[in-house]
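Chemist: Chain by chain, the residues run as shown.
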Amino acid sequence: MVSATVTAAPAVRTEKQPGISPRGWIGFLFIAPNLLGVVAFTLIPLISVILLAFTDWNLVSGFGGISFAGLDNFVAIAKDPGFWNAVGLTFVYVGVSVPLTVVLGLALGIALNRPLPGRAILRAIFFLPYIVNTVAIGMTWLMLMNPKAGLVNQVLGAFGLEPGWFASSHWALPALIVMAVWGGVGYCSLIYLSALQDAPKQLYEAADIDGAGMWAKFRTITWPSLLPTTIFLLVMLIIGASQGFGLIALITAGGPGDATTTISYYMYQTGFQFYRFGYASAIGLVTFAGVLVLTLLTWRAQRGRALHE
Amino acid sequence: MSKLYLPKKWAWGIPLWILALAFLAPFAWMVSTALKADIDAYKIPMQWIPDPFQWDNFKTVLVGETSVLPAFGRSVFVAVLRVAGELLTATMAGYAFARMTFKGRDKLFLLYLATAIIPAQLLLVPRFIYFQQLGLYDTLWALILPGMFTVLGTFLMRQFFVAQPAEFAEAARMDGANEWQIFRRIYLPLATPVLSALGILAFVWSWNDYETPLVLISSPEHFTLPLGLTNFVDEQGAIAPGLTMAASVVSIVPVLLVFVLLQRRFIAAMTHTGIK
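As they're listed, the protein sequences go chains E and X.
Positions -17 to 291 (the numbering used here) are the ones given, in order, by the first sequence.
Positions -18 to 257 (the numbering used here) are the ones given, in order, by the second sequence.
Pulled out of the complex, with its shape left as it was, chain E reads as follows (with noise of 0.2 Å):
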């Protein structure tokens, strides 16, 4: 298997390793047809994206209608309604959606690693939402949260309960909510789960001889043996969620209204609607930074709090 992961990820290795095969240019070769496609589709693209952002380009224009706009993008965002809307909604809809998949895909992670009665069908039960496609989902649960006639309503209907879901600009983003935290605790409870498997048994061991009390074990050992795991879930979900609009245009296209209309859908829109190519490619910079920054300072509250064996 994958030997190191992700949160892990080793320093390049600047020193001379022993052994190494001294060949000049063989090992270029090998590399060859990978960095021609990365050059060609993630390299250039990512070039012009920069580019193109200091531009007032649309594409209704044509290519002649190019011109170098300097900063009048950026300012443009800075006074935008539409812009700082999408990253409020973003920030109702990553600030809540993370914090309590996290949380869920722990208590999961947790009470899955105990001996049950049908452990794996379990796992793969809370697992399964997670690689099922987009519209697959989104189309279910656009019928599940039919208003008036769809199943979730018709359970809390039990409890005088009917909420408008999508149809209603109140409803429409906690409804992505619920179904982003269903789609992504058995992603959580799985990778905790794979965490616990390394938390220290001796640790526990010498605890129970002092005898400590559940809550104590969990405080003392469990969550500092965890929080590698929960920075790198909450990194990872931060992009994830800060990114998606994949559900959001198959669902809502940002509606009713703008109520759904996250940063991502908006830069889509931007770009893909109206096509203003020049101004949606600035969006996607300057969001770019913005996650960047929020997932470096994720980064960053693990250093010196985390147990290190």
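I should point out that these hints are in silico values taken from the structure, not numbers from a laboratory.
Predicted model only: the values in this text are computed from it and were never measured.
Some hints here could point you the wrong way.
[Said to hold, decoys possible] Going by beta-carbon spacing under 7 Å, a handful of chain E positions derived as facing chain X:
(1) Phe23
(2) Ala93
(3) Leu104
(4) Ser176
(5) Phe254
[Stated by the list, open to error] Computed footprint of chain E on chain X; a stretch qualifies when at least three of its residues, placed anywhere within it, have a C-beta under 8 Å from a C-beta of chain E:
(6) 12 to 20
(7) 48 to 59
(8) 76 to 87
(9) 97 to 104
From the three backbone atoms N, C-alpha and C, an ideal C-beta is built for every residue, glycine too.
With chain E's structure known, arrange chain X on it following the hints.
Modeler: The following block gives chain X in isolation, referenced to the frame of chain E:
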């Protein structure tokens, strides 16, 4: 001891199984609706067992006028080429980054790591323009080509090869093997488990990809399966429940098969890479 043990096991087991059934409910609903007439789909209270079973829904989505089989075939085509290409190029590049030296290797690898954190979405706009210029827009190649050359696959393969002993290569070199033979005969066979892990993940990514075709494919005759599922929604946004759910069931079968048959490898791949 065993007397106490069993009830305790069930004390945790029962609530978890109830939760699991709630998690499964959308899938059960999907299958149930796939076998219903449209007028029964929203019946109150919900009817779990279709009456009568509407097997015609499956017949329609498989062999009818609105068959999803062509889209299914395109998804298979895209997935096979993407997976084969990614495994080939990522393995060779990962191997060279780990086990060979050449000028600029480490700088190049840093560049790779840097591009790995770029969100795919950011690249959609320029890719859209390029593929239009290259005449690849609205063709399956727009989905296949970028997927064949991934930084992530290269990174995973490098991680694997770095951990392999260098002595094998030295011994083979003494025996007169060339670099390709050392890679092909010695290190590549060792990589079978990690290759299957990467292959499984690459297949699932490709199979479920909705965003890329949404932007880069426009004609229904080039739709892959995720886009094909949207065919059962009319212009007013009204969904044909029976057909949509039957097609959805068809679309999740391959991923489900991979998951059930290769569950252990699949989970190992997920937990070790931590990415989807």
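Chemist: Compare the structure with each hint and give your call.
Modeler: Right, here's what the structure says about each hint:
1. Phe23: Check passed: Cβ of Phe23/E comes within 4 Å of chain X, closer than 7 Å.
2. Ala93: Hint holds; Ala93/E Cβ to chain X Cβ min 6 Å, cut 7 Å.
3. Leu104: The hint holds - Leu104/E has a Cβ within 7 Å of chain X, the shortest such distance being about 5 Å.
4. Ser176: Check passed: Cβ of Ser176/E comes within 4 Å of chain X, closer than 7 Å.
5. Phe254: holds (6 Å)
6. 12 to 20: violated (count 1)
7. 48 to 59: violated (count 0)
8. 76 to 87: holds (count 10)
9. 97 to 104: holds (count 7)
When held up to the earlier numbered hints, the structure conflicts with 6 and 7 and fits the remainder.
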